[in-house]
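Asker: Could you put the whole structure together from the sequences, leaning on the hints where they help?
Just so we're aligned, residue 15 is where the sequence shown starts under the working numbering, counting upward by one.
Hints are supplied without guarantee of correctness; some may be wrong.
Straight line, CA to CA, 27 Å or less: simulated DSSO-like cross-link-like pairs of lysine-lysine [claimed, not checked]:
hint, residue 1, residue 2
1, Lys239, Lys166
2, Lys110, Lys166
3, Lys120, Lys110
4, Lys82, Lys162
5, Lys82, Lys43
6, Lys162, Lys239
7, Lys162, Lys110
Quick list of the computed label-pair ranges, beta carbon to beta carbon [said to hold, decoys possible]:
hint, residue 1, residue 2, range
8, Ile242, Phe20, 40 to 48 Å
9, Ser150, Val112, 25 to 33 Å
10, Phe48, Thr273, 40 to 48 Å
11, Arg55, Ile242, 41 to 49 Å
12, Pro187, Ile236, 15 to 23 Å
13, Asp68, Gly121, 29 to 37 Å
14, Lys110, Gln284, 39 to 47 Å
Since the hints were derived computationally from the structure, they do not count as laboratory data. Just so you know, these numbers come straight off a predicted model, no measurement behind them. We put the beta carbon where it would ideally sit given N, CA and C, even for glycine.
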Amino acid sequence: MTFNVFLQYILPHRALSRVVYWATRWTFKPWKNFLIGTIVREYQVNMAEAAQPDPLAYQHFNAFFTRKLRADARHADANPAALLSPADGRISQLGKIVDGRIFQAKGQEYTAAELLGDEASAAPYRNGRFATIYLSPRDYHRVHMPLKGTLKETVHVPGRIFSVAPFAVEAIPRLFARNERLVCHFEGEHGPFVVVMVGAILVSSVATVWDGLVIPPYASSIRRKSFIGQNITLDRFAEMARFNMGSTVIMLFPEDSVTLDALMPQQHVQVGQRMGIQPGV
Numbered sequence: 015m016t017f018n019v020f021l022q023y024i025l026p027h028r029a030l031s032r033v034v035y036w037a038t039r040w041t042f043k044p045w046k047n048f049l050i051g052t053i054v055r056e057y058q059v060n061m062a063e064a065a066q067p068d069p070l071a072y073q074h075f076n077a078f079f080t081r082k083l084r085a086d087a088r089h090a091d092a093n094p095a096a097l098l099s100p101a102d103g104r105i106s107q108l109g110k111i112v113d114g115r116i117f118q119a120k121g122q123e124y125t126a127a128e129l130l131g132d133e134a135s136a137a138p139y140r141n142g143r144f145a146t147i148y149l150s151p152r153d154y155h156r157v158h159m160p161l162k163g164t165l166k167e168t169v170h171v172p173g174r175i176f177s178v179a180p181f182a183v184e185a186i187p188r189l190f191a192r193n194e195r196l197v198c199h200f201e202g203e204h205g206p207f208v209v210v211m212v213g214a215i216l217v218s219s220v221a222t223v224w225d226g227l228v229i230p231p232y233a234s235s236i237r238r239k240s241f242i243g244q245n246i247t248l249d250r251f252a253e254m255a256r257f258n259m260g261s262t263v264i265m266l267f268p269e270d271s272v273t274l275d276a277l278m279p280q281q282h283v284q285v286g287q288r289m290g291i292q293p294g295v
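Answerer: Take a look at the structure:
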């Protein structure tokens, strides 16, 4: 075990995340300008894509981190049957779900039931397809709909807040099924699908367009919220949620509902880019 991985087990995840939550919203100019400037410089953030291209014009670091892009910065694939990337980032893994098991990294896997919080919810995805996208600090941190869908339920699953950087994904067993996360169940035109917002250390914070800030507060037990009958339908490519700091998005689809393109781990993707197709559409 490397020192970095060892730290993931012993650090007080939630306490650190609470501190960073407030630190990234501090409007003191020298502080927020230092944080923003450091990220822009170290990660070579492309501010020309942002609706507000001046990085120091943002009220605080989190406003910069969750910045809106120009309307022409991203486009949805023209084929209405295309499965879209929900986020800017790099593909961690994607492929088949085998008898309910999802590949995390070499020697590491977890189950759909662990990820979603129960066996019944995982049943439609037992031999389906999955895609995992990692968002780095340089990326756009708003998440968009991969397909048109009607929101049925969200499930806030409590857990740790390990880093989701590649070194941790490769070393920590069942990481995505252990981290705090928000599971969003949708019904699409051709069946159900799930978008999972996985939290990460510094800060595990998720907001949705229908509920506002959901995490924090952190959960001590599974929290379910039904949206059946509320007619919350989001179009393909519409914004659905955003991360405050580190993040990973996982999508699950039933068998035969989508065919994934031949994308490779670590390949960069952008919101709206085609990742697959709905057969027979």
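Asker: Of the hints stated earlier, which fail here?
Answerer: 13, 14
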